[in-house]
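The lines below spell out each chain.
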Amino acid sequence: MSNSALIKSSIAKKYWMAITGLFLCTFLVGHLLGNLQLILNTGEEGRRAFNEYAYFMGHNIFIKVLSYVTYASIIFHAVDGIMLTIQNKKARPVNYVYTKPSANSSLPSRWMAVLGSLILVFIVTHMANFWWKMKISEEIPLHTYKLKIDEHLGQSPNIDYYYTHVPSVNPIPKDTAQIEEKGTELFLKSSNLKLAEGYRDLHTVVMDFFNPDVNNLALLYLLIYAGSMAVLGFHLWHGFASGFQSLGLNHPKYNQLIKRIGQGFAVIVPLLFALIPILIFIK
Amino acid sequence: MASKSINITLKIWRQKNKDAKGQMETYTLNNVSTDSSFLEMLDQLNEQLINERKEPVAFDHDCREGICGMCSLYINGRAHGPDRGITTCQLHMRLFNDGDTIYVEPWRSAAFPIVKDLVVDRSSFDRIQQAGGFISVNTSGRTMDANAIPVPKVNADKAFQAAACIGCGACVASCKNGSAMLFVGAKVSQYALLPQGRVEAKERVLNMVRQMDEEGFGNCTNTGACEVECPKGISIENIARMNREFLKASITSEK
Ligand code: HEM
Ligand code: SF4
Ligand code: FES
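So the protein lines, in turn, are chains E and L.
Using our numbering, the first residue of the first sequence is number 4, and each one after it goes up by one.
Using our numbering, the first residue of the second sequence is number 18, and each one after it goes up by one.
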């Protein structure tokens, strides 16, 4: 009984909802810190730093495990949330003719499923635009190879980077006889020694996506992005503190604090997310 | 406050029996004293209907002083009507104005089937209570005096507040999910907080929650509507306590 109770009972479903939801809140913080690099560093430096970061996120084993936990959480949270909502509808088969829910509850708390579903639509389009191109179709061009030049080529030790797609800043001529590109990797021709892996230029893809000079639909994309962040904000306005209550973490000493932190989180995090494409758009 | 008379229009849910299809009916009622309670107003309507040789409106009531939990009614979009901390029997007509239209509907919940008109069957609450809302006392004739067991004052107060729940079902009625978490949370808490209740605490919470789910109540989204509409001011703190009790019990219970 204890086992099935931990999966099937109404309270257990809410536990899972809260655990996945609050985990996704921590994911949002991590994601935001990464995105902020798009506006914190500028120019070639910024591009390199961001692509390097994106490479790290895709290859570090710890991050990889975390990313699978994140995918699973999103799927579980969405499926569980929709199942709960369907059950909840069934619990009131006939609706009131006249009802005034605004008298006793907040709007976001009553619209969680709709807000969540909109977030899901956003996540799918967001992943199609960036994640898919980065990880699955691999259509994002290479930008940088990072290698210790002095070690293998005996050149100036203060230069770390070999740019394949920006000839003007190429420290080493691309046609260096000693170097050979194979797929996304860079080899020393003579010994077939792997020198480095290529970093994809996600930075340019993102910058172009929200750049009205490059993308005719940039404004539309910006509005959809910012709108989705507003939806996320409303979801979290109720969700953050709600998650604590679901886990049984209710104490008169801390309730007000948790509520305030949740509301602050719900405003600041989506706002910072939305600020990034706005700044890219207006440059 | 000087008493006055108002004329009102009532839109009331009428349904012959459990299986019949119901509908809203409109009635005009004149000369309603603002000193009368909402239920007295309905009595007045029923007298009028009986005089017109029509079927009177069936509605639940008993004590008419806010302690038994029998009265119900979803009035103008809110459980127990437009005031806080009261039952429908404590709702007064002075809150309404001359010419008002008042909607009166039964509690809406899959677990509260309509018996007739505004009367719903709340025996699902009884079955939840029977699943664990008690302590087993062996009456050997030498029962220990309850006051001999020390109880922290805070716990005693909180248990007492939880025990104030009258089982009216307003929490279910006002919850958008038709969830009974406030009721069950109160019933679990009133025992969980006291030493006598700890003995059977694990089975109690598991059994009561299982029964709650079987009855077809919805899940809690923490909207907090229940605690706003509860006539006894039961706090959702009790729901959180039940969630803690439930987690502890599911992990550690023998069964
Ligand atoms: C990054 C994205 C998301 C975050 C950070 C997030 C966070 C949360 C949190 C913290 C809660 C409160 C949990 C509780 O009350 O115990 C919640 C509830 C909810 N979420 Fe999300 N969520 C996200 C995406 C989604 C998605 C994609 C859906 C898809 C349908 C969704 C549907 C829901 C629903 C329906 C609830 C209310 C469940 C209930 O209490 O009845 N959420 N969310
Ligand atoms: S918790 Fe409040 S609203 Fe719910 S049954 Fe008890 S007294 Fe009524
Ligand atoms: S009739 Fe008893 S509480 Fe209203």
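No wet-lab data here; the hints were simulated from the structure.
On a predicted model such as this, the values are computed, not experimentally measured, just so you know.
We put the beta carbon where it would ideally sit given N, CA and C, even for glycine.
Hints may be right or wrong, so weigh each one.
What the hints assert, rightly or not - Below 25 angstroms or equal to it, Euclidean Cα-Cα: the simulated BS3-like pairs (lysine-lysine) are: (1) Lys103(E) x Lys92(E); (2) Lys175(L) x Lys133(L); (3) Lys93(E) x Lys38(L); (4) Lys35(L) x Lys92(E); (5) Lys265(L) x Lys92(E); (6) Lys11(E) x Lys265(L); (7) Lys256(E) x Lys35(L); (8) Lys133(L) x Lys256(E); (9) Lys93(E) x Lys175(L); (10) Lys33(L) x Lys93(E); (11) Lys103(E) x Lys175(L); (12) Lys170(L) x Lys103(E); (13) Lys28(L) x Lys103(E); (14) Lys185(E) x Lys197(E); (15) Lys103(E) x Lys11(E); (16) Lys256(E) x Lys33(L); (17) Lys185(E) x Lys16(E).
Stated by the list, open to error - Sample of chain L residues facing chain E (criterion: CB under 8 angstroms; computed from the structure): (18) Tyr44; (19) Leu66; (20) Ala127; (21) Arg227.
Here is how each hint holds up against the structure:
1. Between lysine 103(E) and lysine 92(E) the CA atoms are separated by roughly 17 angstroms; this keeps the pair inside 25 angstroms, and the hint holds.
2. Under the criterion of a C-alpha separation no larger than 25 angstroms, the hint pairing lysine 175(L) with lysine 133(L) is inconsistent with the structure, at around 37 angstroms.
3. About 18 angstroms separates the Cα atoms of lysine 93(E) and lysine 38(L), which keeps this hinted pair within 25 angstroms; it holds.
4. Simply put, lysine 35(L) and lysine 92(E) have alpha-carbon atoms about 20 angstroms apart, close enough for the 25 angstroms limit, and the pair holds.
5. Pair hint lysine 265(L) plus lysine 92(E) does not hold up; C-alpha atoms about 29 angstroms apart against a cutoff of 25 angstroms.
6. Between lysine 11(E) and lysine 265(L), the direct Cα distance comes to roughly 16 angstroms. Compliance with the 25 angstroms bound is thereby established for this hinted pair.
7. With a C-alpha separation of about 47 angstroms, the suggested pair lysine 256(E) and lysine 35(L) falls outside the 25 angstroms cut-off, and the hint is violated.
8. Restraint check: the Cα-Cα separation between lysine 133(L) and lysine 256(E) comes to about 46 angstroms, which exceeds 25 angstroms; the hinted pair is violated.
9. Simply put, lysine 93(E) and lysine 175(L) have alpha-carbon atoms about 33 angstroms apart, too far for the 25 angstroms limit, and the pair is violated.
10. For the suggested pair lysine 33(L) and lysine 93(E), the alpha carbons sit about 23 angstroms apart, so the restraint of at most 25 angstroms is met.
11. A hinted pair counts as satisfied when its Cα atoms are at most 25 angstroms apart, and lysine 103(E) with lysine 175(L) does not qualify at roughly 30 angstroms.
12. Taking the CA atoms of lysine 170(L) and lysine 103(E), the gap is about 38 angstroms. The hint is violated against a cut of 25 angstroms.
13. For the given pair, lysine 28(L) sits about 16 angstroms from lysine 103(E) by alpha-carbon distance, which is consistent with the 25 angstroms threshold.
14. A threshold of 25 angstroms between alpha carbons decides the hint, and for lysine 185(E) with lysine 197(E) the separation of about 10 angstroms falls inside it, so the pair holds.
15. Between lysine 103(E) and lysine 11(E) the CA atoms are separated by roughly 32 angstroms; this puts the pair beyond 25 angstroms, and the hint is violated.
16. Distance restraint check for lysine 256(E) and lysine 33(L): the Cα-Cα separation of roughly 51 angstroms exceeds the 25 angstroms cut-off, and the hinted pair is therefore not satisfied.
17. Only pairs whose Cα atoms come within 25 angstroms are accepted, and lysine 185(E) paired with lysine 16(E) is rejected, the gap being roughly 49 angstroms.
18. Taking 8 angstroms as the C-beta contact cut-off toward chain E, the hint placing tyrosine 44(L) at the interface is violated, the least distance being around 15 angstroms.
19. At its closest, the beta carbon of leucine 66(L) sits 20 angstroms from a beta carbon of chain E; the interface hint therefore is violated under the 8 angstroms criterion.
20. Residue-level restraint check for alanine 127(L) holds (minimum Cβ-Cβ distance to chain E is 5 angstroms; threshold 8 angstroms).
21. The beta carbon of arginine 227(L) is positioned within 8 angstroms of a beta carbon in chain E (closest approach about 7 angstroms), and the interface hint is therefore held.
Consistency with the previously given hints fails for numbers 2, 5, 7, 8, 9, 11, 12, 15, 16, 17, 18, 19, ordered from lowest to highest.
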